[in-house]
Amino acid sequence: MKRALFQNRFLPFLLIAPQIAITMIFFYWPAIQALWQSFLLQDAFGLSTTFVWFENYKHLYESAEYYRTIGTTLFFSTIVSFTSLSIALLLAVQADKPLRASGIYRTLLIWPYAVAPAVAGVLWAFMFQPSFGILARGLRELGYDWNPLLNGNHAMTMVVAAAAWKQISYNFLFFLAGLAAIPRSLHEAAAIDGARPFRRFWTIVFPLLSPTTFFLIVVNIVYAFFDTFGIIDAMTGGGPAKATETMVYKVYFDGRLGGDLGGSAAQSVILMIIVIGLTAIQFKYVERKVTY
Amino acid sequence: MAEVKLRDVRKTYTGGIEAVKGVSFDVPDGALCVLVGPSGCGKSTLLRMIAGIETITSGEIRIGERIVNDIEPSERDIAMVFQNYALYPHMSVYDNMAYGLRNRGTPKAEIETRVREAAKMLEIEPYLKRRPRDLSGGQRQRVAMGRAIVRKPAVFLFDEPLSNLDAKLRGQMRVEIKKLQRSLDVTSVYVTHDQLEAMTLADILVVLNLGQIEQIGPPLELYSRPASMFVAGFIGAPAMNFIPVRADGDGLSAEGGGLSGARGFAVPKQGAVLGVRPEHLTLSGIEGGALFDLEVMVVEAVGAETFIYGKLPTGKEVIVRLYDNIPKVGGRITVSAAREHLHLFDSGSGRRI
Ligand SMILES: Nc1ncnc2c1ncn2[C@@H]1O[C@H](COP(=O)(O)OP(=O)(O)OP(=O)(O)O)[C@@H](O)[C@H]1O
Ligand SMILES: [Mg+2]
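Protein sequence lines, in the order shown, are assigned to chains Z and R.
The working numbering puts the first residue of the first sequence at 6, with every later residue one more than the last.
The working numbering puts the first residue of the second sequence at 4, with every later residue one more than the last.
Note that these hints are calculated values from the structure, not bench results.
Keep in mind that the hints are not guaranteed to be accurate.
Stated by the list, open to error - Some chain Z residues close to chain R (C-beta under 8 Å, calculated; not the full set): (1) GLN12; (2) ARG14; (3) LEU16; (4) PRO17; (5) LEU114; (6) PRO117; (7) ALA185; (8) PRO188; (9) LEU191; (10) GLU193; (11) ASP198; (12) ALA200; (13) PRO216; (14) ILE279.
Stated by the list, open to error - Below, a list of computed lysine-lysine pairs in the DSSO-like style, where the Cα atoms sit at most 30 Å apart: (15) Z:LYS289 x R:LYS132; (16) R:LYS272 x R:LYS8; (17) Z:LYS102 x R:LYS24; (18) R:LYS181 x R:LYS123.
Where is the CB? At the ideal position from N, CA and C, for every residue including glycine.
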């Protein structure tokens with residue numbers, strides 16, 4: 006940027022000050038607090054606090070329950086990302102064709118993105134509600150004993166469905182943009198080269214989409230890790246028997262409901278490290294992404 | 004080996020744009036047919052309909068014995084070279100060329116032989132392992148040609164394959180395409196808007212204008228007997244001079260003077276347009292020809308030849324090509340053209356009289 010753009014030397018700083026203030030107040034400050042808290046141990050009544058170094062981390066390291074939560078989280082994010090990406094790709098491929106109604110179709114597909122996670126959770130929970138939910142009744146009619154309140158697998162299916170559904174729009178938009186960037190002449194050349202649509206997709210379109218797909222995989226994992234809190238809270242509250250408790254939910258559960266502030270803070274620090282790691286991967290690979 | 008025959012082919016795009024309005028022509032077996040015309044005249048549309056990547060609104064396209072209207076592109080036994088080459092960016096040059104053969108289940112050994120053979124012919128053997136993005140424009144062009152050749156199709160289709168190359172490379176590739184087409188002896192349809200490419204490559208030249216054929220024939224015939232002002236102006240560079248004329252007992256005359264001679268032409272009462280090419284005007288007086296009195300406005304020396312931009316008294320510009328005795332700017336010259344080089348066109352329809 007040219008210096009001459011600003012007459013006043015302080016104006017640029019003044020202009021970015023609000024942004025910096027917001028980042029400080031809502032990001033760095035809580036992060037530092039969490040880090041500090043993770044080294045402290047509070048007694049059950051919150052009356053005294055002791056500095057315990059890595060005691061909280063050590064405790065997590067030895068806790069079988071925490072590993073189970075990590076397992077649940079990995080399973081949940083993988084299935085959510087895979088489901089959401091596959092469906093979005095399928096829909097995007099359909100929408101990429103020159104259809105007359107494609108405008109309406111695209112608009113409808115973008116709506117779920119505008120729905121807040123908690124609202125989406127309530128909506129899906131309602132549809133899956135064992136006694137009167139429309140999906141639950143459908144399942145019952147098919148002779149399936151549907152009960153997400155008692156059955157952990159049912160509960161998991163339900164939160165996966167809601168979480169994946171919500172992310173489809175986002176993935177869809179990126180896939181659509183990715184597909185639009187593939188020149189039409191490549192499809193035509195492949196058609197002349199005797200590749201049927203299915204084969205054309207796997208040998209031409211899918212490889213050319215790989216930068217988009219990679220980017221979306223990272224975004225979806227981050228989403229499944231962190232942004233699905235509202236859905237899980239509204240639908241299952243982590244239950245039954247912690248079957249749907251992800252790492253983020255456990256932070257909330259242990260800290261807010263369990264009163265274990267130190268342990269909860271240590272968990273948040275671990276999550277922060279994961280985010281930093283994922284972001285680093287993202288930058289490293291997306292920056293030098295294969296450009297054709 | 005196949006002929007390509009088009010019968011009253013039409014194309015209306017959704018939205019009502021009539022891109023091709025009833026086109027018929029035949030390309031004999033082994034011939035190179037060039038479709039030429041200004042931008043938007045429907046050349047690409049026509050070619051894409053032959054390829055099968057654009058639907059045919061009405062009419063009939065035959066390749067060999069078959070009507071191909073409803074046949075998939077891959078079943079038409081054609082190969083196409085695209086303007087932007089359309090190479091698969093994620094595949095090596097080898098895989099680009101092998102892709103079409105693999106899709107057809109050609110045995111591996113056979114693919115290898117054919118790709119090597121084509122690569123040798125096109126001198127791209129050293130690049131077989133590279134990706135298209137690591138090649139120069141000219142090399143990409145060759146790969147695109149290679150991809151077409153390995154398939155050994157009955158018909159080659161080219162959509163402005165040289166337009167992304169610089170002038171020198173374009174000249175080289177033009178000659179190579181011609182040689183290649185001759186040696187492979189494959190029926191070809193070639194689209195271009197470059198009249199030089201059209202003239203030098205074509206066995207049959209089809210001039211298109213606004214979705215219709217203006218004239219069709221061997222290139223030199225179109226040059227020497229253009230059927231319309233459009234063809235006359237399109238073929239040849241610099242373009243033919245056009246001068247509105249009338250005729251009386253003394254021959255042709257232009258409004259405001261400056262033109263005389265050329266008795267005995269039948270010109271309608273309301274007048275006509277006289278066409279004469281810059282290369283057919285000379286400083287020596289030609290018996291029975293047309294004489295032009297010009298004021299020299301600009302002299303453009305290109306090296307071997309010099310173009311004189313002259314002006315008739317009305318201000319109408321006339322270009323003359325000269326080799327020697329170059330006049331000075333501001334001077335006056337008299338140039339003449341032989342009778343057989345004078346073309347008369349109807350001033351309304353533009354058709355040849
Ligand atoms: N997919 C399409 N939908 C609607 N109209 C189209 C489409 N493709 C081409 N056209 C129109 O059809 C006409 C002919 O187009 P075409 O591409 O055949 O021209 P062209 O002769 O190849 O021109 P150029 O030399 O610029 O490539 C143009 O008016 C163009 O706008
Ligand atoms: Mg074109």
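Tell me, in ascending order, the numbers of any earlier hints that this structure violates.
-> When the structure is compared with the hints, numbers 1, 2, 3, 4, 5, 6, 7, 13, 14 and 16 turn out to be violated.
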